[in-house]
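Taken in order, these protein sequences are the chains called A and B. Just so we're aligned, residue 1 is where the first sequence starts under my numbering, counting upward by one. Just so we're aligned, residue 115 is where the second sequence starts under my numbering, counting upward by one.
Hints are not guaranteed to be accurate.
As the list claims (entries may be wrong) - Using 30 Å as the maximum straight-line C-alpha spacing, the simulated BS3-like pairs for lysine-lysine come out as follows: (1) B:K129 <-> B:K171; (2) B:K179 <-> A:K57; (3) A:K57 <-> B:K171.
Claimed, not checked - Estimated spans, in silico, between C-beta atoms of each pair: (4) B:A115 <-> A:G3: 29 to 35 Å; (5) B:E193 <-> A:G16: 45 to 51 Å; (6) A:N71 <-> B:G180: 29 to 35 Å; (7) B:A115 <-> A:G16: 29 to 35 Å.
FYI, nobody ran anything at the bench for these hints, they're computed from the structure. Bear in mind the structure is a predicted one, so any value in this text is a computation, not a measurement. By construction, the Cβ of each residue, glycine as well, lies at the ideal position given by its N, Cα and C atoms.
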Amino acid sequence: KAGVTQTPRYLIKTRGQQVTLSCSPISGHRSVSWYQQTPGQGLQFLFEYFSETQRNKGNFPGRFSGRQFSNSRSEMNVSTLELGDSALYLCASSPSGGGFDEQFFGPGTRLTVL
Amino acid sequence: AQRVTQPEKLLSVFKGAPVELKCNYSYSGSPELFWYVQYSRQRLQLLLRHISRESIKGFTADLNKGETSFHLKKPFAQEEDSAMYYCALSGSYGGATNKLIFGTGTLLAVQP
C-alpha cells in the first residue's frame, strides 16, 4: 500500500504571497490531519478533515485554511504569507473517524518564506 | 489546558544501558497517549500507544494517571534506537477526533 504523499516537497515563497499544499492519504483512509513543525514551537496541530468536513481546528489564524475532497485528498492554503510561516508542514491520514487512531505521516512539505 | 511535556531535549546512553524517556501530560479527561518516533531521514511513525498495551522493539510505556505520566522505557538500548521520540496525547474534545498534541520531543542518542 502506498504511503501518504505530499506535494510539493519544497517550496520557496515571498512574504504576502499565498501557497497551496497537497496531501494524498493512504487509500481507504478518510481522516486527514495537518501539522506545522518548527524548531521553536515543535509539532502543532492545524486542522483535521473527515468525510470532507473540518472536524477540529488548532489555534492558527484564519490565513490558514484547508479542505478535503470526495476522494479524501486534502489541500491546505496559507494566504498572505509571513516569515514565521516558514516550517515543515506534515499531513497525516487515519483509517477511520473513531478517533484515537494511529496516524500515518507523510514526508512533509518544507515551506520557506523570504 | 492540554499539554504534553518532555523535559529532556537530549538523552545520551551507552549501548546496553536502560532507557527512560519521560513524558508528562495535562488533560482534563481520559486521554489516549502515544509515542511516535522519527528515525534519521524517515517519516514520523507510531511506536506504541497506551490502548494497545503492546511492547514494540522492546519498548514499553505505562500510563500513570496519578502522576499524569506516560514514560517510555527499554531495558537495554541498541544503537538502532537512536532517533527523535515524541510523546503525544489525543482527547475526545467532545467528539471523535484524531487531533494530536505533541511534546517537544527527546533525541535519544545511543553510543556504542
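Hint check:
With a C-alpha separation of about 15 Å, the suggested pair K129 of chain B and K171 of chain B falls inside the 30 Å cut-off, and the hint holds. The hinted pair formed by K179 of chain B and K57 of chain A meets the criterion: a straight-line CA distance of about 27 Å does not exceed 30 Å. Distance check on the hinted pair: K57 of chain A and K171 of chain B sit about 34 Å apart at the alpha-carbon level, beyond 30 Å; violated. Against the hinted window of 29 to 35 Å, the Cβ-Cβ separation of A115 of chain B and G3 of chain A comes to about 33 Å, which satisfies the hint.
In this structure, E193 of chain B and G16 of chain A meet the distance hint of 45 to 51 Å, their C-beta atoms being roughly 47 Å apart. At roughly 46 Å, the beta-carbon separation of N71 of chain A and G180 of chain B lies outside the given 29 to 35 Å, and the hint is violated. At roughly 33 Å, the beta-carbon separation of A115 of chain B and G16 of chain A lies within the given 29 to 35 Å, and the hint holds.
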